[in-house]
Structures are given as structure tokens and as C-alpha cells.
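Asks: Using the hints provided, position chain S relative to the given structure of chain W.
Next come the chains, spelled out residue by residue.
There are 2 protein chains.
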Amino acid sequence: MLSEELVYRYDRYELTLAGPREGNPYQDVSLRARCTLGSRTVQMDGFYDGGGSYRVRFMPDSEGTWELVTESNATELDGIRRHITCISAREGVHGPVRVRDTYHFAYDDGTPYYPFGTTCYAWIHQTRDLQERTLRTLARAPFNKLRMTVFPKHYIYNSNEPELYPFERSESGSNDYWKPNPGFFRLLEQRIDQLSRLGIEADVILFHPYDRWGYARMSHEQDLAYLRYAIARLSSSRNVWWSLANEYDFMLEWKTMPHWDALFQTIERHDPYSHLRSIHNGDLGSNYDHTKPWVTHACIQNPSVEQAPRWRRAYGKPILDDECEYEGNVPMPWGNITGRELVHRFWVMAANGAYAGHGETYADAKEELWWSKGGELKGDSWRRIGFLREIMEQGPGPLTPLEREWVWTRVAGGACGDYRLLYFGPHQPVAWGFGLPSGVPFELDWIDTWAMTITPVAGAFCDVREIPMPGRAYMAARIRPLSTKPD
Amino acid sequence: MLSEELVYRYDRYELTLAGPREGNPYQDVSLRARCTLGSRTVQMDGFYDGGGSYRVRFMPDSEGTWELVTESNATELDGIRRHITCISAREGVHGPVRVRDTYHFAYDDGTPYYPFGTTCYAWIHQTRDLQERTLRTLARAPFNKLRMTVFPKHYIYNSNEPELYPFERSESGSNDYWKPNPGFFRLLEQRIDQLSRLGIEADVILFHPYDRWGYARMSHEQDLAYLRYAIARLSSSRNVWWSLANEYDFMLEWKTMPHWDALFQTIERHDPYSHLRSIHNGDLGSNYDHTKPWVTHACIQNPSVEQAPRWRRAYGKPILDDECEYEGNVPMPWGNITGRELVHRFWVMAANGAYAGHGETYADAKEELWWSKGGELKGDSWRRIGFLREIMEQGPGPLTPLEREWVWTRVAGGACGDYRLLYFGPHQPVAWGFGLPSGVPFELDWIDTWAMTITPVAGAFCDVREIPMPGRAYMAARIRPLSTKPD
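In order, the protein sequence lines correspond to chains W and S. At position 58 of the first sequence (counting the first as 1) the number is 58 in my numbering, and the numbers step up by one without a gap. So the number in my numbering is just where the residue sits in the second sequence, counting from 1, plus 1000.
In isolation and in its complexed conformation, chain W is listed as follows (with noise of 0.2 Å):
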């Protein structure tokens, strides 16, 4: 924010009034503003932030001159008037990502965005200095997406209390979920926008099981109103995703299928910006319903990555299997494959034109296992995905997977155009014929996904019947049209 009336594109603009103290603010007060630029107008909730401040947040999507109009049932809150100028964004800021070419994503101006994540569920309910060391993780780490969680979570490895509540709590522990604690939500709103900077979208998960609090208990009521809550005060950083639940199958004693379709059309009614919308199972066999109109995307937790093309053709939407299993080796199914396998999945998701998630479950004296509470990175497969992610982003656009050919069941491999990503895994060929171009002269790499090494082989092929392979596991070819090919 350059001034209360300036702001860059894809920045946040706040406008903070003093309002009405008593009774509970939070669910008494109604505010809400409406921003207008030409005939465009867009509508957003305002939120109580303790103290008598109210807040009304707005992040422009287009340049030009927009009028804000405030509407309370509070006189002070009502009919307030400001002219914010949008001008061009700062370098780097694209905007939120959105759905690109059904399968795919790109930031909101139009860059390309393949996402890259991590996971540190309950990162931000660790120490402050937990807290900061994630970050600095994170800032080496090539990940451009976090999966975390809104509330702090109880399960193993994960029993220390945090350090802030989400909702007002008395000193015996009692909560009260009609009134959201500020604070909590400023620290909250603190570590998103780090990681914005950081170049990495907030996959904020609304509501999990893990919980000894009640907050996967509250009443539908009390749901809509933390999630209009949330919405008001998070929509307008756009590095936000909003994941409505982690494992949502095994809450649905508490919340019915129909309970979380209408927490998802709140979303859907709320947010200004209409972030990525999806939502996470946690039986293999209980995905939610993705073809769903409110679902934008696809999450998926399945160790099989090899039905990228199946989840694809169900849904029609991008995939994201964000919990393929964690490198790690604690006990548990989920989290404890070697790096290379982790490293393994993330390519056969991306040949498919889909994507995977990153984890770490490494047993940890101190039970600083990064899956949950960050810190440092212990594995093996991070960096391979960093450099998977290079090769995707120096790739001329998303890939569509090879799929019609009885071959692609067995390797991966994705085209654009004419440019070929082939992933072999377990397959160790000397020589390999299927889903090469034809009619377009090409250069051919092998690219040894474990040694992070690029080989180039030398000369030019066209119409070739077959292309030479090392005969060694775990590589990749990469196919680029001379033409086409980046300097």
C-alpha cells in the first residue's frame, strides 16, 4: 500500500474505521463495501479487529481509479466514501492463480503456474522461532505452495498447545466461536503474506479432524460465520487458496456432505476474488465429488499417481495429488517413502499433466516433523523437485499426457506440441519409439531425475523409428522442436 489511496496492482488496500465496541461486534456489526470501476463493481465484507477498529480490505485487479462505498447498520461504518488508484503492479506480483486450459494453472495476469508444494500443516502454531526457521526453509526450498492449516492441530507428534487461539477462549479453556481472536488472525495474516513474498501460494485449510479444541465440532452456524470471518479478513491476499478441509471424510459424522456443499457456496457467494476453491479426502477411496461447479481444482491425497489420466477424465479439472505419501520412515503408511520414490510420483503426475505434493516425515527427537510444524528439511527428494520444477517452467506450457496408446499405462509421457516430457521410472530401456513427434526435426536430452543432470545427445533426429536411452532407471527424455526450441 503506497498510501490509503494508492495502491499497486494485486496489493492489498485496507481502510480502517472506529466503530461500535459493545455487545459482540463481530457477529452485531454488519460491514460491507462495494468498490466500482467503470460498471464493474465488486463487493466484499469488512471485519471487526478488536479494539473498536474495523477493517475493510480490497485488492484491485485493474488499473484505474475505483470508488469504495461502505454499507453498515452502524451509522460510523455507513455510506464511507474513498477513490483508491490502482496502478501497475510491482515486478513479480502476477496476481492469484487461477485455472488455465482446464488442466492447468496461471497467475491472474497470464504467467505461467505449476505448482510445487510443500506441507507444514501446523506451522504457524509453532514457537516463533519454529516459525521463523520454517521460513527461512522456505526460502532456500523450491516450493511454491503451502498446504497449511487456519487451526492448530492434535494428532501424533502434535500435542503442544499453541501459542494463540483462533476464537476468544477463557483462562479454563472454554471457547468462544461466535468471536474470533484478532490476534490470532494478525499472526495468521503475517505468515501468508511472508509467503507471498517468498513466492509461494497459501493453501489454507479451513477445517480439519485433527482436534481437541471443538473446532471440528462447531455448529453449522458457527462454520459459516468463522468462514465468512475468514473470507473478509484473507480474500484480499492474493496468494491465497482456499482448502475447505484436510480429510473432510473423516469429519462427516460431524459435517454432512451437504454441510460441506454449503460451506463451499459460501465461499463461493463470499470471496471478492474467487480464489482456487478445493477440498482434501483422507480414505483412498473417498475423494470429494470434484465435478462439483465450486470445486476449482482437484486434491487428491492417493499414493497410485499413475491414474493421473483417470482423475483427469473424472474431474475435467486440474489435479492435484497434494498427498502422494511423505518421504520419511515413521510408522505410519502414509509417511515413510524413501525420497526417491516421492521423487518418483512427482514425476509420473507432472508427464501426466498433473501434479503432485511434497511432505516430510522424518522421526525427529524432537518431534519437529516438517509435514506439521516446518523447520528444517531432513530428505532427499526436495531439491529433485525443485529441479523438476526448473524443467517444467524452461518447458514451453503445460503437458498433456500421452495417454491413448496402450504404452502410457505403463511410462509417462506428456506433449506440448510437439515438445515431449517421457518419464520412464522402473523402465530402463536402450532405445525408445512411442510418442515421438513426427514430420519436426527435434533435439532429444536424458535427464537423470536423481543426479539432476541434463545430457544432451548429440545431433538432430526427425521421423525417427527410435531414440537412443542410457538403459538405466529413473531417467527422463525430453523431446524439444528445434524451432520451437528457447535460446
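Calculated from the structure, these hints are not laboratory results. We put the beta carbon where it would ideally sit given N, CA and C, even for glycine. A few of these clues could be false.
[Stated by the list, open to error] Just the calculated beta-carbon pair ranges, DEER-fashion:
1) 1376(S) x 284(W): 39 to 45 Å
2) 284(W) x 1252(S): 31 to 37 Å
3) 1292(S) x 291(W): 31 to 37 Å
[Unchecked claim] A few chain W residues that face chain S, going by a derived Cβ cut-off under 10 Å, partial list only:
4) 407
5) 410
6) 411
7) 425
8) 432
9) 433
Replies: Relative to the frame of chain W, chain S by itself:
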């Protein structure tokens, strides 16, 4: 055969008779025999062996004196009578393999049999020298089943003509499918018998699509005549399994599903010993309906071995994924996985109470690929498959997959009472708590499936929450209850 009138149980008795030579004796002369022991009668076809010789073969499965009587439309073959005394089986002879306990196998005399098969499709159509080398390799290898075709093979790496053809053939190369070639069948029988002496079941593939001689496109009547001839000749070999076809679905243009069903029914009706019957798919989505009553066990081609529990539920029969891709490095996607990956797939199948098959397709200047021609084994997997076979045979019995918990879609585990074989694949836990027996003291071994080591973990465990694990991948845990542990 001790003499014409004395035969060991499960060995072959052969009656040779002189008969008509004129016309086409293969089709014109009918010959069958009934063998009776008490109230039991076994009926079998005889066959013309060329040169005016007719033979009837009989494999008695019960001790005692059987009476054999022939029946023929040729008077010199009709009403011949013999008394055949069957005495107890020779050491190491256990009879044909049968289905046992719904999902498993045992020899006819009850001896357990765990299939660990390999594939040399067209080995009997290679030079005699190469055939002998194949036998020498098999004598040193751990396999107890071999998939092999009756007909020669026309395919990549398989361009040679056979020395012997299964049907009479003119010099110009035209075949008379109504006249089998006895010389060829004698070779086939010799090879099947040699396998038997090595303890190897012959999984005899009766039809396959890779053909330039017309065998894949004979008429239905010719198919039936060929089948009955093959049954008459081969069914007295205790180690024969009938694999109706390899990749039957690639021949549906010539043989529709009702034809396949009729062929199965012909085997069922004419094989006096009810040898095992199955059929092998080509496309991964084209499994034959193995619930059909004439199928004794499901043969499957599929790289996704983690589907084993699903196949068990679907078919309710023993599951053999006898083509879960081959170890090798050729350009075809089904023929270039690493030895490590194939060993991994064997373990996943085994721990899930199912069975995998081996094949090797390493590129070779002489085009001598084991999978089709035999010769020598070059890979890394076969020794490790032998190691797994030893572990299975040391165990108390067939395994039932631990599949009800969410755990076992990620990690493979099988139980036989309180005995457990848990296989972790790319999972590398430092401890493990699922699928352990309760209330029973047990011993624990760590098994390195690749290094082929078994490491006993000191002490006994009972009702522990977790067992220690080494934190490395491709390990198994073997749990043996102390009370039933073998010496």
C-alpha cells in the same frame, strides 16, 4: 513306466496299437479308452502317432489295479483290454497341481505348491543346442513353472522358422491343419517331460496371436480338432497346465468370446485329469472373465500388482499376474523394468496372497531373449525370486492379504494364522505397528529382499505397540509365532 502293466502313481502308462494308415487317420479313426478302478471310470482319447501307430495314455492317480478297455471305429483298435497296476508314486512325484484353499495351489497329493514361474514362449522352436542350454539354465534357476507356446512365434526378435511344424506342411509351405505332425508333438512331449524332471510345471499356451503360419486363424472346427489331439497326447503329463491363449484379446477378430468359451469347455470335457485351465489377456483392461466356471485360476497381464486384493475379490480364485512386465531393457514398455522393480512386484503379489511371473528381455546382439527363446538368464531378479520362493516354502502355508485396514493399500501384508509376512517396498519405516498378531509371543526377522539377507531381531515380542524396523526400503518383516515356529 515299469512295464506295460505296472505304473507308478502319476506316471504315464502308454498302450501302443497298430491300426489303419489310409485316409486321414487323425480325423477318420476314433479311439478312446476307459480305465476303471472299482466304481471309478476315467475316460480318455487315444491318438494317431503316424506310421500306423496309435497310442492311448493314462496317468493313474490312485493305487490299485485298473482295467483299461479301448473303443474304436477300427476293429483292430477296438475292445483291447489291459490290467494296469498302479503302485505308489516315486520319491518327489506329487501329481498335477490343483487349486487349494480358493486362492492357492497344491499338488494332487496335498504337497503345497507356490508358483514361481518364468517365460520362454517359443523355446522349443529354437535350435536343439539352444533348447539344451535353456534346460541347463532352468536346472540352476529357482522356477517351478514355465510359460511356453505350442505354436512357433512371429514377432519382434522372433523371425526364425521352427525346425518342426505342428501340422503337416507341404514344401511350398501350405499347412494341412487337419493333420498334426507327430514328430513335432514328440519333441513337445520330450520337453514337457524334461521340465517335469526338473520340478517345473509346463504352462502350455495353446493359441497366441503372433503368427505368420496361419495357426491363429484356423477354423473353429480345426481349433477343436487340434485341441482334442493335444489333450489326447499331453494330458497324461502330470505337469501340464492349459493356458488357452496368450493375449487372447488380440485375436478377437478371428475367435470371438463364444469361441473361446467353447474351446475352454472342450478342454474341460476331454481332459480326464482336470489340469489347471486359464487364459492370459493382452490389453490391461481386457482380463477374461475369470469367474466363468471353466477357469480354475486367473492369469493376468498387468504392471499394477497392488491390485492383487481386488483381483482376488473379483475372481475368487488363485491370482497369477504372470506378466507384470519383464526385467530387461528393450524399447517395448512391457519389457524394460529393472530387476529391482520386478522383485518388488513379486513381493507385493506374494504378501497379498497372490503370485507373479518372471520374464527377461535384455537386448541381445543374437536376439536370444530369454522371454521367448530361452538360453541364459542375464538379469538381477531371478536369484531374488528364488530367495522369495524359499521364504514362502519355509512359511506355514498360503497367505491371506491384510486388506481391510486403510494401511494395506500402501504396504503389502499377508497372514497365515499368526504368521505374518509384511513387505514395505519403497516404504522405509523405523518402526511398524500394523498387522501384528495379538496375544501371541512372536519372533521377528528383517528380510532384505534385494541383498537376500535375513536378520533375526533379538528377543521375543508380545502385544507390542510397534516392532522396530531398519528404516531402509525394500525390506520385509517376517513374524513367526513362537509356538508354531518350525525348527
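Asks: So, for every hint listed, does it hold in this structure?
Replies: Each hint tested on the structure:
no., hint, verdict
1, 1376(S) x 284(W): 39 to 45 Å, "holds, 42 Å"
2, 284(W) x 1252(S): 31 to 37 Å, "holds, 33 Å"
3, 1292(S) x 291(W): 31 to 37 Å, "holds, 35 Å"
4, 407, "holds, 5 Å"
5, 410, "holds, 4 Å"
6, 411, "holds, 5 Å"
7, 425, "holds, 8 Å"
8, 432, "holds, 5 Å"
9, 433, "holds, 5 Å"
Consistency with the previously given hints is maintained throughout, with no hint failing.
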